[in-house]
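Undergrad: Given chain R's structure and the hints, the job is docking chain X onto it.
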Amino acid sequence: MSRLQVAIVDYGMGNLRSVANAFKAVAPSISVAVTSDPEQIAQAERVVFPGQGAMPDCIRELDARHLRQAVVDATQQKPFLGICIGLQMLFEHSEEGDVPGLGVYRGEVKRFPADKMHDEQGAKLKVPHMGWSQVHQTQAHPLWSEIPDLARFYYVHSYYVAPEEAALTAATTAYPFDYTGAIARDNVFAVQFHPEKSANAGLQLLRNFVNWKP
Amino acid sequence: MGCAKRIIPCLDVTDGRVVKGVNFLELRDAGDPVEIAQRYNDQGADELTFLDITASSDNRDLILHIIERVAEQIFIPLTVGGGVRKVEDVRRLLNAGADKVSINTTAVLNPQVVEDAASRFGSQCIVVAIDAKKVDNQPFEWEVFTHGGRNATGLDAVKWAQKMVSLGAGELLVTSMDRDGTKIGFNNPLNKAISDAVDVPLIASGGVGNLQHLVDGVTLGGADAVLAASIFHYGEFTVQQAKDYMREHGLEVR
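Going down the list, the protein sequences come from chains R and X. Each residue of the first sequence is one higher than the one before, starting from 8 at the first, in this note's numbering. Each residue of the second sequence is one higher than the one before, starting from 26 at the first, in this note's numbering.
Next comes chain R alone, as it looks inside the complex (with noise of 0.2 Å):
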């Protein structure tokens, strides 16, 4: 088995073929595959950590399927990629459900809070938050590279991540207050949005995972 430049960690939570596909259309030359044998992504030279759905059942089939470690050590080691609960379960614990993450990070995922969501002309803001929001750079990275502050990229989900520690916050988005966007730390960047779905701005932001050298 020939070693992966991009393995997409598949825990059975959710089609993976978008971000495969994305991966296909701006590196076309590069081994891509998505992959739940903990070998395959321990040897790849970079690891996408995608998630959809309810993080409670995220991280019990992550375990039903022995890939918490391959996971958590990906982090520690290689270029890493993690979108939307992949985001999420870096944390140390989440309201959805009221279960730990993987703890790489300290911090708390929660849900939008009800009494805060209207905007400034007291209009209803909705949860899930679904579409596109600006995504404000709050550090240089060179997955930003190319892609302009404010850039709107696709959104879907119901809690965001609150990081202990504020360096950690690599991009903000306002709805209706200022949360995180994404994350950055070493050799790990994760996202709330979806790349693979924001065009060409969440295209970009994958081209330039595929030439990160952390």
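If you're looking for bench data, these hints aren't it; they were derived computationally from the structure. There's no promise every hint is true.
Quick list of in silico lysine to aspartate or glutamate cross-link-like pairs, EDC-like style, CA-CA up to 20 Å [what the hints assert, rightly or not]:
hint, chain 1, residue 1, chain 2, residue 2
1, R, 117, X, 60
2, R, 31, X, 97
3, R, 131, X, 277
4, R, 31, X, 60
5, R, 31, X, 224
6, R, 131, X, 97
7, R, 131, X, 224
8, R, 123, X, 224
9, R, 131, X, 241
TA: Relative to chain R, chain X alone:
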């Protein structure tokens, strides 16, 4: 601040082809699905909806190939609806590359499908489509209809919307049967009543004839997204023109 109001072109699919009606009768091939999707994507569409209008269940799998091909090349959210009867149908559409699956008649006949699909795949990918019509023989204003508007259900559209959200629908696609095809604008009171009654996003559908209707759908109808077919298919307006118009009228668009 917040979220851009989404513009969603809707493409009709039958027997594996994207089609458009001519004078509401004859269906003509509208071109290659990938090319059409690409064109809307290039115009700045925020999302695409494919509606399978295939009459025979024999040919319904053909839409899977369309979705597969589009999902390989178009990187915006794709919603597919029409003929979804079982959780297994949802799974197959998601696996083909759909990001969301819209459930309509089945939600009424068997609401358990909505609950099961949402708990298995997540609310984010379950859209419940509600076809509603104004009625005067009920103690409520708008009644849910099924089978493309032919069958009355006795259900209050607003209460039905709340029930669907409680079962796990992550979004509602509300079509006014009174307005569909009329080009006189969305049924904004209906949309507003539902939008105010639920926390999840609402897509307004049915009746768009001009760009002001899109604006009204948001400002008067409380819609989070607007869906339109004919104004885009027949080249009356591009998605970009729709966005420019909405932006000029103070709405946040991508």
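Undergrad: Decide, hint by hint, whether the structure agrees.
TA: Going through the hints against the structure:
1. R:117 / X:60: Distance ~41 Å between residue 117 (chain R) and residue 60 (chain X) Cα, so the pair is violated.
2. R:31 / X:97: holds, 9 Å
3. R:131 / X:277: holds, 15 Å
4. R:31 / X:60: At roughly 19 Å apart (the allowed maximum being 20 Å), residue 60 (chain X) and residue 31 (chain R) satisfy the hint.
5. R:31 / X:224: violated, 36 Å
6. R:131 / X:97: violated, 35 Å
7. R:131 / X:224: holds, 8 Å
8. R:123 / X:224: holds, 13 Å
9. R:131 / X:241: holds, 17 Å
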